[in-house]
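Peer 1: In order, the protein sequences belong to chains A and B.
Take 1 as the starting number for the first sequence in the working numbering and just add one per residue.
Take 95 as the starting number for the second sequence in the working numbering and just add one per residue.
Everything labelled a hint here was simulated from the structure, so no lab data went into it.
Even glycine gets a Cβ: it sits at the ideal position worked out from N, Cα and C.
Among the clues, some could well be false.
[To be verified] Partial chain B-side listing against chain A, Cβ under 7 Å, derived: (1) I334; (2) V336; (3) R337; (4) A341; (5) P355; (6) W358; (7) D359; (8) S362; (9) E366; (10) L369.
[What the hints assert, rightly or not] Counterexamples of contact, computed for chain A against chain B with all Cβ distances above 10 Å: (11) S4; (12) Q9; (13) N44; (14) Q51; (15) I77.
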Amino acid sequence: MTNSALEKQYRVNPGVAVRHIRNEWFFINPATAELHNLVENDLNVWDLIMQGWTPGQIIKKILVDTDGVPDDVTRDIEELFDRFVEKGILRPLS
Amino acid sequence: MKIGPFTPPDVREAITIENQTVYSTASQWVPPLDLVIAGIRFRFKEHYGIHPVGVHLRQISPFLSSAEGIPDFEVTLRRHMSPFSVQEPVTGNMFVRLEPDNWTFQGTAWKLCWHQNAPGQLDCDYYCSITHAIESLRLFLAHHLLLHRIGLLLHASAAIYHEKTYVFLGRSGAGKSLSVFHTPGLLLADESVILRSNDVSGAMICGTPFGGEHFPSSKPGCNPHFLFVEKSNHNSIKPIPVRNAVARLLSQVSIAPTAPPLFWDRASEALERVLDLYRVEILEARKDGSFWEECL
Numbered sequence: 001m002t003n004s005a006l007e008k009q010y011r012v013n014p015g016v017a018v019r020h021i022r023n024e025w026f027f028i029n030p031a032t033a034e035l036h037n038l039v040e041n042d043l044n045v046w047d048l049i050m051q052g053w054t055p056g057q058i059i060k061k062i063l064v065d066t067d068g069v070p071d072d073v074t075r076d077i078e079e080l081f082d083r084f085v086e087k088g089i090l091r092p093l094s
Numbered sequence: 095m096k097i098g099p100f101t102p103p104d105v106r107e108a109i110t111i112e113n114q115t116v117y118s119t120a121s122q123w124v125p126p127l128d129l130v131i132a133g134i135r136f137r138f139k140e141h142y143g144i145h146p147v148g149v150h151l152r153q154i155s156p157f158l159s160s161a162e163g164i165p166d167f168e169v170t171l172r173r174h175m176s177p178f179s180v181q182e183p184v185t186g187n188m189f190v191r192l193e194p195d196n197w198t199f200q201g202t203a204w205k206l207c208w209h210q211n212a213p214g215q216l217d218c219d220y221y222c223s224i225t226h227a228i229e230s231l232r233l234f235l236a237h238h239l240l241l242h243r244i245g246l247l248l249h250a251s252a253a254i255y256h257e258k259t260y261v262f263l264g265r266s267g268a269g270k271s272l273s274v275f276h277t278p279g280l281l282l283a284d285e286s287v288i289l290r291s292n293d294v295s296g297a298m299i300c301g302t303p304f305g306g307e308h309f310p311s312s313k314p315g316c317n318p319h320f321l322f323v324e325k326s327n328h329n330s331i332k333p334i335p336v337r338n339a340v341a342r343l344l345s346q347v348s349i350a351p352t353a354p355p356l357f358w359d360r361a362s363e364a365l366e367r368v369l370d371l372y373r374v375e376i377l378e379a380r381k382d383g384s385f386w387e388e389c390l
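Please work from the sequences and hints to get the whole structure.
Peer 2: Dropping the structure here:
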């Protein structure tokens, strides 16, 4: 993920149904006939994404709130966004 | 009614004879027919066709009702003597289009249309047997229930036993029909059941006249317990992780793959309620039906 991508905002693909069930987020993408999930943790990353936080902002918040290793946190968040974009769940706001 | 391993020989023979007869019999005047499925009343208007008899009549008879009150849907029927070709089949040789103001469902033996400007009317063209017209209601009902947040149509079997309703789910061949075949209770259906939301008494499980090898019942069942059937050499009930439960329940919901996201959202909303309120587990079952006594 490039620096400019880290500062992009993302929104949920309107073609995806999102549902919170027992501490997990579920994403149904009828176009690809796929179901994805995201286990909720104390950081509520999905809530931050929904509030328009960029990947870079989320990484900074996690590093402030936790004792995570910067490279690991950055990699995890980048992978999360990359995966959700690849699966058609998130779209970058132009 | 389909012929399968559980179809008794006399019923099997009757179905074969009736199918041969219905395809070669000229249309006659058929009086109005009211069917109540999961509390939703369909009035098949009088038309020239074939009145259901024998096994077909026995299959739908629990859902037949006297023509009283205002139906939820009046169905205009037209009988055709040749099957339909399905253009742009989406899945299972079926075409489904769900626009905000009109819905179309078409298979090789039926075509059903709904328009928002006449919300209580359905137009149904069917091939020869009125059972095809009844079958055409399956997908319409599935999407109607979802859109209005009043339920779900599940590919499942169900039976009432000891004031509980056991709903058996699983892929084809998993043992759904076998499970209810052995029930010491009341069999509701072995192919499609409706989970009907009810604000007062919680969810009800209702049998349907759609498909199956056993004769269904229209009696609603309460206190549902959802079980994913897996063949085994022992009987036991196991918990299921929530992710697997959502994925497996969703795979058994009747919904067109091309349905707009709103319908998928409604389906996931209903599944959220199911997982919040009811037991959803795995049933490892011997095929002799002994799990009824050992586990339930």
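Peer 1: Each hint: holds or not?
Peer 2: Hint-by-hint comparison with the structure:
no.	hint	result
1	I334	violated, 12 Å
2	V336	holds, 5 Å
3	R337	holds, 5 Å
4	A341	holds, 5 Å
5	P355	holds, 5 Å
6	W358	holds, 4 Å
7	D359	holds, 4 Å
8	S362	holds, 4 Å
9	E366	holds, 5 Å
10	L369	holds, 6 Å
11	S4	holds, 30 Å
12	Q9	holds, 21 Å
13	N44	holds, 18 Å
14	Q51	holds, 20 Å
15	I77	holds, 22 Å
Violation of the numbered hints given earlier is confined to hint 1; every other hint is satisfied by the structure.
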